[in-house]
Structure formats: C-alpha cells, structure tokens
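Student: In case you want the letters, here they are:
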Amino acid sequence: MSATAPAPHLGQGSFDISGTAPIPLTRLVGVEIRKLVDTRAGRWLLMIQAGLILLGSVIFAIVVGRNEGSIGLFDFTTVAGAVTQLLLPVMAILAVTTEWSQRTNMATFTLEPRRGRVVAAKAAAAVIVGLAALVVAVAIGAVMNGLAGVLGADIDWDLRGEMLAAFALLQVMSLLIGFAFGTLLLNTPAAIVVYIAFYTIIPGILGAAGALMSWFEDIRPWIDYNTAILPLSDFGQPDNEMGFGAVEWPEFTTSVALWFVLPLVLGVLRMLRAEVK
Amino acid sequence: MITVQGLTKTYGAFTAVDDVSFVARAGHVTGFLGPNGAGKTTTMRILAGLTRQDAGVATVGGHRLQDIPNPGRHVGILLDASAQHAGRTGREVLTLAAKTMGLPDSRVDEMLELVSLTDTEAKRRIRNYSLGMRQRLGIAHALMGDPQVLILDEPANGLDPAGIRWMRGLLRGYAERGGAVLLSSHLLHEVEQIADEMLVIGRGKIVAAGTKAELLASAGTFVRALDTGSFASALQAKGLAVTPSGEGLVVDAEPQAIGELALAVQAVLLELRAADASGLEDLFLQLTADTQREAAAAFPPGSPYHQGAQA
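Taken in order, these protein sequences are the chains called X and H.
Under the numbering used here, the letters of the first sequence match residues 2 to 278, in that order.
Under the numbering used here, the letters of the second sequence match residues 47 to 357, in that order.
Each statement offered as a hint is correct.
Pairs of lysine-lysine residues, derived as DSS-like cross-links and limited to a Cα-Cα distance of at most 27 Å, are as follows:
id, chain 1, residue 1, chain 2, residue 2
1, X, Lys278, H, Lys251
2, H, Lys145, H, Lys169
3, H, Lys145, X, Lys278
Hint data in this document are derived by calculation from the structure and do not stem from the laboratory.
Everything numeric in this text was worked out from a predicted model, so none of it was measured.
From just these sequences and the hints, can you work out the full model?
Tutor: The structure is reproduced here in structure tokens:
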C-alpha cells in the first residue's frame, strides 16, 4: 500500500485523445499468441499434438525400418498431418470460444473496442502458432526418417517445395475453417463437434447423397471441400495427377467459400454485434 | 467526465435502462446505487461499449469508448472481477493488459503493489482467488493504463471492511488528483462511505441524484419529543407529513420549522436533527420501493425472521 494510485491528468468535461496512438495490429497479434500458450489447456494441446506426432512417427519408422521397406520424409508429414488437421483447428476454435466461455472478452473488448481488429489478430495468431507447429511436425518427421534409415529402411529425403506448400496450405485451411466455426458458434463443444463432423462425417454424407441422387452428384464437386483438396493431400501418386496442377480451382474456390468464407463472415458479423456479458 | 443522456436499452418487453441521464464529474467519486437488476450494470456496459443502446448517448471524456484509440490509457473499467480466465495467474492477466496497452512489464509490479497482492498471490491461478482478491486484481487492471476515468461495477463486493476502507482511500485519492470515478453498488453503506455524489436508480430510471447532504435534506428531519404521539398530531394538524421512525418521527420539514412549532405547542423535544444514515437507508428503500423484488415483510409477523422481531 506504499504506492499511490496513478495521478490522472486533470481535465474538465472531456479529455484529449489526439496524442494517443491506436494499438498496432502487431501488438494485438503478439498478445493473442501469448494467450494461446499462457494457459495449461493451450500448452497441453500443443504438447499432446507433438506427442501424438512423435508416437505415430516412431511406430511408423520402426515398422517400415524392421521390414526394410522404403519410406520418404513426405510420408512422415502425412502422419503428422493426420494429427494437426484435427488439433490445429481445435486450437483455433479455443482461441475464439475461450474468451466467451471464460468471459475474458469483457477485458479484451474494452481494451480494444474495434472488435474486428481483435478477430483479425486472433486469426493471425492462430495461423502463426499453427505454422510453428508444422515446422516442429516436419522436424519430427526428419528425425524419424533418419531413424527409419538406421533401422534398415530405404529412405528418401525428397520433400519438394510444392509438397511442403501444399501440406502447409491444407493445414492452415483446416485451422481457418475451425476458426470460422468458432466465431460462428462462440461455444467450444459445439464448434469442435461441428468441425469433427465436417472432417469425418460430411464427406461420407456428400458421397452417399451423390451416389443416390444423380443430380446431386453434379453439384457435389462444387461443395465438397474434401474432394476439392484431394490433389493436395497425396503426393504418393504420379506427379501429373497430383499437386497444385491437378486442383480444379473453380470447384476449390466454391467449396472454400461455402465452408470457410460463409461461416467466417456470419461469425464475424455475430461477434461484432454480440452483447458481451 | 462521464456523460449519459437519454440512455435507453430494452430487451424485448423489458426496459432495462429507461431514459437515464447523468453526469459524473472529474474530481468526484459518483456512486451509482440501486437494487439488483435496476439497470446499473447495463448502463455501465453501454459506457464500456459492450452493449448497444437503443437510444441516447453515453460518452466518457466526450468520446464514445469505441472512438478512443487505446482506450485503456484513458478509461479504466472493471465490470466483473470474476470474468477472467480461471487458469491464468493474476500476474499473467495484468501482463496481457500491459502488453495490449503498450506498457512496460514494470507497470505490472507497480499495480500489484498498489492493490497489495503479494508476489506469491500474483503467481497463483485465478481459480484459487477469493472474490476480494479478484476485486483487487480487477482494480489493478483498471488502473493499469493511468486513466482519467474509472468505471467500476460493484468493486466493493467481496471486500472485507478493511478492504473497503482501503478502496475508499484509493478512490478518494484518485478523485482528489482530478480523476472521475463512477462506481456502482446495491449496498447503501458501501456507496455512502466511498462516494461524494450519488445517483439512485430503480427499475431503469434515475430516481434521485445529488450529494449525500442534498439527498438527506430531502429525507426530512428526525424529531423525538417527550410525548411523541401528541406532537405528531400537532405536526399533522400543520399539514406536515409524519413518518414514525424508531422512537421518534421523520418529518418532511426543516428543523427550524419543527422547533418553532414545538415552542408554540410547548412540547419538550429530546432530539431534533436531519434524518441521518438510517434516514438515507429509509430514503433508498423508499425511492426504490416499487422496484424492489421482495416486499419488505417477506416473513409473516410473529415469525422470528420478521423484520420487527429483532428489535
């Protein structure tokens, strides 16, 4: 109690705000990155992610190595991708929904009432942490590829730039779709369930509907995100069939608009208007 | 410093804030007093830009909060001390605020010292904090940016008597240095101790405003006579409103008028003074009577919990 309350500047009915600089977006992004890792929940999510990738890769390396099979670095990024495609979106969802469930948005939005900037900073923070997680994932893959070689596998280090770019794009897209669901639902369990349904159940439903109704089969490519991204997710095929060159960009665009842009726009509108209690 | 004009907010058929206007001036602690659900929090949330009003204007320092760049440097806000992530430490919560506002980390230590949270306490997670500790943390959060205006919703809630005394000193000192404070409470004695100007709100409307002395003047005069019963009749014969209060009466008149009447009717007065703290309590209950949730006699006469039973 030895310190005193800060002395406010004397003023009558109003104060001068012309000398106050707005909060730079970079600072907001920095704060949002810190929020992603300053709770046990946030740290555990990243550690579990790394642990699962490590576990899956070790098993993979041992099995292939012992059987003297052939394996490449890209196979390990595929293992990592199976984990990150599920957990990075969960991280992005939590970045948004935790503020509403823990009601920290009261503090967040009174320190930066321009909520759109907060949403943008959150998206940027989630992408940055997501990319860092991918770097770790590829590093784990490199170590495990080496291990497989030591164990007797015929290994391939050829991880072309295009493969890496496609891998990163897919993962970041998944993360952003999770983020969009988070802004739309503002509720952690609901957003996670919807994302998992999108990831696991929706492709099957779309496929079944297409098989049963021929007219639906015609529009399915335009709305089926998982089909649209397929050329980016498997580089084990001859080059001309896979990779960026094989993506049907018009269909890719419409399905991304449906599953990412639409929920994001609705979600951001909701967040901008929502009453914070 | 805080100007609210014609502020209205409805939720469906329910009007939470009904044409509320007031000013909270620099250099003063303005108490915002009213029963639960009277509209205090909604008004403060509108000031904080968290709720949108249907009509009216709410400005801080002449600006809407949304128009103030880096508003934490101008307006300190504490709306709910429990609205913090349970898994963060107190120090981390303050660090996030300091970083958002662009302040050095040393500011966090200054604020922790100001609200008397020890280093050990600051390293604990907020789920382990008492309400009083959360309030202290919230006040540190609000003062972090060296603001000119403080908006505090029920800040004394959960503080022990020593804590309330500490906060009174803190806020008085802050106001004396030119800051404006708006603080709400549903407890009269809290506001009475801390605030020098009061706004009484009930069912979304401001029902009284002024300094404690002004409000008390309108509360009337307390008088006790040797024969209170017959003196009451004499007062009523003069057309004055008389309310029994303890062993005496509260009369809606100036002490001088009552003294002159006592002389005229040769009544012996034992007490004659402005209706005080209890008078303010009565005034508060009366001003908000039709807005209270519970009728005064929730327990039937004869029950040990009946209001009259304790006397």
